[in-house]
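Participant: Take a look at the letters that make up each chain.
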Amino acid sequence: MTTPTTLTSPAPAPAPTPTRAVVLPPRPRPTLGRIAAWAVLAAIMLVTLLPFYWILRTALSTNTGLAANPADPLPVGLTTGGFERALGLQSTKEAIAQGGAGGSLDFWRYLLNSVIVSTLITGCQIFFSAMAAYAFARLRWRGRDTVFGLFLAGLMVPAIFTLLPNFVLIKQLGLIDSLLGISLPTMFMTPFAVFFLRQFFMNVPREVEEAALLDGAGKIRIFFRVMLPMASTPVVTLGVLTYITSWNDYFWPLMVSYTDNSRLLTVALAMFRAQTPQTGYDWSGLMAATLIAALPMLVLFGFFARRIVSSISFTGVK
Amino acid sequence: MTVASTSPPLRRPRGDGALAALFVAPAMLGFLVFLLWPTLRGVYLSFTRFNLLTPAEWVGLDNYVRMVNDPIFWDSLTVTVEYVAINIGVQTVSALAIAVLLQRLTQSAVLRGIVLTPYLMSNVVAGIVWLWILDTQLGIGNEIIAGLGFDRIPFLADETWAIPTIALINVWRHVGYTALLLFAGLQAIPNDMYEAAKVDGASEWRMFWRITMPLLRPILAVVLIMTVIGSFQVFDTVAVTTAGGPANATNVLQYYIYGSAFGRFQFGYASAMSVALLVVLSAITFLQYRLTRAGHTDLG
Chain A
1 MTTPTTLTSP APAPAPTPTR AVVLPPRPRP TLGRIAAWAV LAAIMLVTLL PFYWILRTAL
61 STNTGLAANP ADPLPVGLTT GGFERALGLQ STKEAIAQGG AGGSLDFWRY LLNSVIVSTL
121 ITGCQIFFSA MAAYAFARLR WRGRDTVFGL FLAGLMVPAI FTLLPNFVLI KQLGLIDSLL
181 GISLPTMFMT PFAVFFLRQF FMNVPREVEE AALLDGAGKI RIFFRVMLPM ASTPVVTLGV
241 LTYITSWNDY FWPLMVSYTD NSRLLTVALA MFRAQTPQTG YDWSGLMAAT LIAALPMLVL
301 FGFFARRIVS SISFTGVK
Chain B
319 MTVASTSPPL RRPRGDGALA ALFVAPAMLG FLVFLLWPTL RGVYLSFTRF NLLTPAEWVG
379 LDNYVRMVND PIFWDSLTVT VEYVAINIGV QTVSALAIAV LLQRLTQSAV LRGIVLTPYL
439 MSNVVAGIVW LWILDTQLGI GNEIIAGLGF DRIPFLADET WAIPTIALIN VWRHVGYTAL
499 LLFAGLQAIP NDMYEAAKVD GASEWRMFWR ITMPLLRPIL AVVLIMTVIG SFQVFDTVAV
559 TTAGGPANAT NVLQYYIYGS AFGRFQFGYA SAMSVALLVV LSAITFLQYR LTRAGHTDLG
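Protein chains in written order, with the working numbering: chain A, 1 to 318; chain B, 319 to 618.
If you are wondering where the hints come from, they were derived from the structure by calculation, not from laboratory data. Predicted model, so just to flag it, every value in this text is computed and none were measured. Do not rely on the hints blindly, as some may be mistaken.
Claimed, not checked - Chain A regions said to be covered by chain B (calculated; three or more residues, Cβ under 8 Å):
hint, stretch
1, 31-45
2, 58-64
3, 77-83
4, 148-159
5, 171-183
6, 244-254
A virtual CB, placed ideally from N, CA and C, is assigned to each residue, including glycine.
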């Protein structure tokens, strides 16, 4: 599982920033160079977005139509058959007749599994990481810097290196093929989440805390009532990215899940692709399944896009 | 109202030891059990013969000796390096181009959002979609190639094409994220510098080489280190598109490690190769850090 390692903790909000007049440079005249540059940018956007359209177009086509008219820019023989196959709404006979594999895939089950795992990982990881980050940023205790240094060193171990030994451990714990087994290794912390949130807490002005202390609040109360609410922006940004990362993870769930009990969407999708019917791939069903797997993240991103796009930036991780 | 007290604000005398222990405990547990312990155990397992069913048996350097003499391992390392070279080369140049275009042309958050959309899909999804687009008989990519009068290219079924194709699929998925990181780096360069250069009659091309590149260098270096490390761990896309084939042409290291562990139950040997990968990655990180002086900035 890869973590996004470069986000900046936005500065804490409450200090009102003086509004600065933004001086816009005069609109540059369209020169040949600028037109060419816009053309290149437009081409890049096209390459970025066209595959999404092609998924939709294929998902709404029939397999026979696709074979007859592979280059038609519109859906061939408009049908929802692909989606019905992907969601297991067709009978085996129907599915095979339309070029499907006829194997049973319980997509709703996988969808639910993916939601449970991603929610569990994101919720726990960020909450526990925030607690640790607060202790590293604001509590005074012996060995604090040593322990934090140790956590930071964890950033250097590629996630993939720990997968095999973690698999052995999860097997010894008897958690193979369970949703908990998939979630456990990233449920408690990632060094990056701790580092990222610590940066934020470090920047919260001391006065905020001291005011609360004067009101007689304990540090636990301060964490839950003052610090955590203040950190809502970095927490949401980190949360959405963690959710997307765990939703998209494939290698680790592939190792741990064996049956429908714990199969996630990514693993199921790869299986769906591997069930090649004799007549060739069921492209229409496959693209429908792909779209169903990707859609929740597109929607999630849609809600938070502005916030995420503006907080992806550079922090020297040192 | 009573005068509460005249004493100065009550400060806790010293330390929050107990409280800190409580706050750090869950993260500490996760760190020790799922990060530190597996790292040590991974190194230990590389010195054993272990099939998961019987206890690990110490075999000293056997796995490493075998690795050095295993032609498939070396092939697999070569294939991985080829993949990383193409993937990182194309991705870095494209990401830089996108970032600079965005910076110099528009500040639109919508366009930046669009650039990021492929990143929202999993590698599995991206792999399957491009498998379809590049399908030799029915894929739109090959339809266009055939329409232009060229021979169809079996992108993922051909030994020479497969690795570059997989590398480019992953560029498609990751380039937007990399571009946004670089874009953020570009935001740190004061606009006055470009304005001043313009007054002096400098072209965009010249400004790119004289202002953008030198000032972006430290950020570019760190982004490069990160993406190279990620790139070496390629697995998902290979697993869904080619499954290591044709004829081991895409048998990247991570795929070979997975096969050794879960196909042949040689967890010891798989661990030894993981250690090798870890060493390679550390060496590359160290070298890149030194060569690019990643810690230093020219921005005064």
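Participant: Could you work out which earlier hints the structure fails to respect and list their numbers in ascending sequence?
Facilitator: Violated hints: 2, 3, 5; rest satisfied.
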